[in-house]
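Numbering (the UniProt record's numbering), first residue to last: 1 to 207.
Rather than coming from a laboratory, the hints here were simulated on the basis of the structure. None of the values given here were measured: they were computed from a predicted structure. Don't take every hint at face value.
Stated by the list, open to error - Cut-off 25 Å, straight-line C-alpha distance, at most; resulting in silico cross-link-like pairs (DSS-like, lysine-lysine): (1) Lys207 / Lys9; (2) Lys175 / Lys164; (3) Lys2 / Lys116.
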Amino acid sequence: MKIDIYNTKKEKVGELELKKEVFESDFNETLVAQYLRVYLANQRQGTAKAKTRAEVSGGGKKPWRQKGTGRARHGSTRSPIWVHGGIAHGPKPKDWRLKMPQKMRTKALFSALSQKAQQKKILILEDLNFKKISTKEMGKILKTFEIYGKGGLITPSMDEKVVKSARNIENIFVKSACDINAFDVMSAETLVFVKPSVEVIYSTFLK
């Protein structure tokens, strides 16, 4: 598959031949969905915790005698039915992490990239050099390419000037090519690759 290469002014400056195994594989919806489930599960902290009646402070003394007061019987002020009492069946810390073999992760990535390429949602930039941090300049480039929805900017490495120029722009994320995954690809409407980042993907994932 051949794809056009543009400069930041949206002028065509050449073509790039994309490798078939990365950008032209069949879209495996089941595999991608499985990866997304694993990825999102692994983002969970699982640290939510509520104290039970055994853990909450106080409540050792019986609030009033068992009989003769006319009131309902109670043995502790930390019963779950009391204000400031313990929580019945509350959340406990849990490890939500799931595992997925690296080969399956890579196949899910290639499948997602292939779908984006087929939908013509991939752009290749010849280069992206910022002399200084400039959100205005980054916004101008994105506007030139008519990227108004969620977009991903894939760079060969995490250039501080590029990252800081993009971080205040809503719905735009910057990712190093060696760290890209199927979630990044599927969550973006358009992916903009700086040309050298394509080679980084090949060297990282084609082993």
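Going down the list of hints, with the structure as the test:
1. Lys207 / Lys9: Cα-Cα ~35 Å, so violated.
2. Lys175 / Lys164: This hinted pair holds, its Cα atoms lying about 12 Å apart.
3. Lys2 / Lys116: 14 Å, holds
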